[in-house]
Each structure stands twice: as structure tokens, then as C-alpha cells.
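There are 2 protein chains.
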Amino acid sequence: MKTEIISKNELLQHWLGHRNLTRQTIEKFPEEGLFNYKVEGMRTFADMIKELLGIAVPGLQEIVTNKSGELNENLNYSTKAQLLQAWDEATPQISDLFNQIPEERFAEEFNLFGQYKSPIIHSIFYFIDNEIHHRGQGFVYLRLLGIEPPFFWERG
Amino acid sequence: MKTEIISKNELLQHWLGHRNLTRQTIEKFPEEGLFNYKVEGMRTFADMIKELLGIAVPGLQEIVTNKSGELNENLNYSTKAQLLQAWDEATPQISDLFNQIPEERFAEEFNLFGQYKSPIIHSIFYFIDNEIHHRGQGFVYLRLLGIEPPFFWERG
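Line by line, the protein sequences give chains A and B. For the first sequence, the residue numbers in the UniProt record's numbering are 1 to 156. For the second sequence, the residue numbers in the UniProt record's numbering are 1 to 156.
The hints are simulated quantities; they were obtained by calculation from the structure and are not laboratory data. There may be inaccurate statements among the hints.
[Claimed, not checked] Just so you have them, the derived chain B footprint on chain A, three or more residues with Cβ under 8 Å: (1) 8-18; (2) 24-33; (3) 45-58; (4) 137-144.
[Unchecked claim] Mimicking DSS-like on lysine-lysine, the simulated pairs with C-alpha atoms at most 25 Å apart in a straight line are: (5) 38(A) to 28(A); (6) 117(A) to 28(B); (7) 67(B) to 80(B); (8) 8(A) to 67(B); (9) 80(B) to 2(A); (10) 28(B) to 38(A); (11) 38(B) to 28(A); (12) 2(B) to 8(A); (13) 8(B) to 8(A).
[To be verified] So these bits of chain A aren't anywhere near chain B, every CB distance computed over 10 Å: (14) 77; (15) 94; (16) 110; (17) 121.
Remember, predicted model here, so these are calculated numbers, not experimental data. For glycine and all other residues, C-beta sits at the position ideal for the given N, C-alpha and C.
Could you build the full structure based on these sequences and the hints that come with them?
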């Protein structure tokens with residue numbers, strides 16, 4: 001019998017640790033900088049967070065119900081408090097949905113948002129990696145705004 | 001028997017895909033911007049790449065030999081060609097070393113660089129996540145330099 005290198009629950013905990021760090025990152029932004037500051041050619045950090053919110057729970061819902069839908073990143077949040085609330089509401093939903101995906105399905109192909117066809121494990125890595133990617137960009141925005149970002153390794 | 005959610009080789013391929021994208025990101029930088037441009041409070045992208053080079057192969061060597069050493073991020077690369085060459089030389093070494101870690105060891109605690117004690121799978125996720133994080137920052141540097149970054153999803 002082959003030993004698994006990571007269990008389903010360990011991968012979920014890894015993701016939740018990242019989500020905690022992303023939450024800390026949102027908190028560091030002043031309201032104005034969160035919704036209005038951006039580098040030429042890029043989006044505001046609030047818009048990146050809306051993308052993450054538009055992907056995680058809706059994407060997992062598609063996987064759990066095995067039914068593709070449409071990607072919607074244009075969520076109506078206009079204050080930092082609303083963004084943080086949406087973030088916090090997504091957390092238990094992510095855990096609940098993730099736990100409903102049986103191990104056997106992670107290798108299964110699924111057409112996420114009706115357009116990204118890949119094994120479910122790849123989609124889940126995309127959710128996590130895309131969050132790390134945009135949060136890294138948020139760290140630069142914070143530095144450009146003269147604010148020290150959280151520590152990358154503090155996920156607790 | 002429990003089905004694994006990702007095999008050892010799939011995780012390696014996932015990492016190699018990210019390394020390919022990071023390579024494309026290095027390539028987009030002009031020599032001058034790679035070694036001299038930085039946002040206040042941050043490092044140059046070349047220094048971030050040196051950190052990644054100082055972690056991946058040396059970290060895996062420690063794990064494979066089960067012997068902690070010291071972290072050295074101050075590598076002597078001063079041209080883009082040297083950085084790319086070091087990146088390309090690291091790739092087969094990463095594959096070779098990664099393949100030498102038996103599945104059973106991924107849950108084992110290891111004191112990486114004599115200071116980061118955690119299960120080996122966590123260290124390996126750190127190698128990958130830290131690369132995604134800094135590459136995301138490199139994307140912002142490119143935008144600030146007026147250069148379009150590669151596509152995040154192009155890992156091939």
C-alpha cells in the first residue's frame with residue numbers, strides 16, 4: 001500500500017492557513033487604498049479579493065454538485081468591513097464543501113465554471129495558488145502605500 | 001484503502017509548472033530592472049530569485065540526506081543569463097532530489113536549515129508557495145516597469 005504524501009484534511013488546513021494570512025493582509029489596508037489604489041495595468045486589491053471570493057465557494061459548490069456554472073467576480077462589496085465579512089462567511093463554507101468531496105474525485109476531470117477542464121486537484125491548487133499570487137501583489141501595494149505587510153509565514 | 005488526493009509525482013509536476021512560469025517572469029525583466037529596481041522596503045526581483053535558488057535545491061538536499069545545514073541566499077549571480085542558467089541547472093536537480101524522498105517521509109518532521117521544524121510536506125509547500133508569492137511580487141514590478149507579465153496560468 002502506498003502512503004499518501006498529504007491527506008485531504010491537511011490540504012484543507014493548508015488552504016485555511018493561507019486564507020488567514022490573506023485576511024490579515026486585507027486588514028492592513030486602509031479603506032481608501034483597498035478600493036482605489038492600483039498599479040497601472042492592474043486591479044485594486046479589493047477587486048482581487050472579489051475574484052478570490054467569486055472562485056472559492058462557487059467553484060467548490062460546482063465540484064460538490066458536479067454541475068458547472070458561470071464565473072462571477074463582480075461582487076457588490078464596497079467597504080472593507082463587507083469584504084472581511086464575506087471572507088469570514090466563506091471560511092466555514094469552504095471547509096464544509098471541501099469535506100464533501102470524496103478522495104476518489106480529486107483525480108476526476110471537471111469543467112470548472114464551464115471553461116476550465118482539469119482534474120479537481122488542479123482546480124483546488126489553482127484556488128490556493130491564485131490566492132497566494134494576488135496576496136503577494138497585495139504585499140507590494142501595501143509597501144507602495146508605506147504600510148508593512150503581515151509576515152508571510154504567519155498563518156495561525 | 002484510502003485514495004490519495006495527489007501523488008508524489010503530480011506534486012513535483014505542479015512545482016515544475018510553477019518553476020516554468022517563474023522562469024518566464026525572470027525573462028521578461030530587463031537586466032537593469034532585474035538587479036536594480038525595487039519598491040521601498042523590498043528587495044530586487046533578482047534577490048528574491050536568489051532566495052528561491054538558495055532554498056529549493058539546498059533544502060531538498062538536506063531532506064534527502066537527513067542533515068540540516070545553513071540557509072544561504074547570498075548567491076553570486078550578477079547577470080540575467082547567470083540567473084537563468086542557475087534556474088535551469090536547479091530544475092533537474094529538484095526532480096532528482098524530490099524523487100529520492102520516499103512517500104513515507106513526507107509526514108516526518110525535519111528541521112530545515114536548522115531552524116524551521118515541520119513535516120517535510122509543509123517544507124515542500126513552503127518552497128512552492130514562497131515562489132508563487134515572490135513571483136506575484138515580480139508581476140507588480142514588471143507592471144511598474146511598464147512590462148506585461150506572463151499569463152499566470154501558462155505553466156507549460
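Verification of the supplied hints:
1. 8-18: holds (count 5)
2. 24-33: violated (count 0)
3. 45-58: violated (count 0)
4. 137-144: Since 6 is at least three, the answer is holds.
5. 38(A) to 28(A): holds, 15 Å
6. 117(A) to 28(B): Distance of about 28 Å is beyond 25 Å: violated.
7. 67(B) to 80(B): violated, 32 Å
8. 8(A) to 67(B): Violated, because 29 Å separates the two Cα atoms, which is more than 25 Å.
9. 80(B) to 2(A): violated, 42 Å
10. 28(B) to 38(A): holds, 21 Å
11. 38(B) to 28(A): holds, 21 Å
12. 2(B) to 8(A): holds, 10 Å
13. 8(B) to 8(A): Holds. Residue 8(B) to residue 8(A) sits at ~14 Å (cutoff 25 Å).
14. 77: holds, 22 Å
15. 94: holds, 16 Å
16. 110: holds, 14 Å
17. 121: About 5 Å separates residue 121(A) from the closest Cβ of chain B, which leaves it inside 10 Å; violated.
This entry does not satisfy hints 2, 3, 6, 7, 8, 9, 17, going by the numbered hints stated previously.
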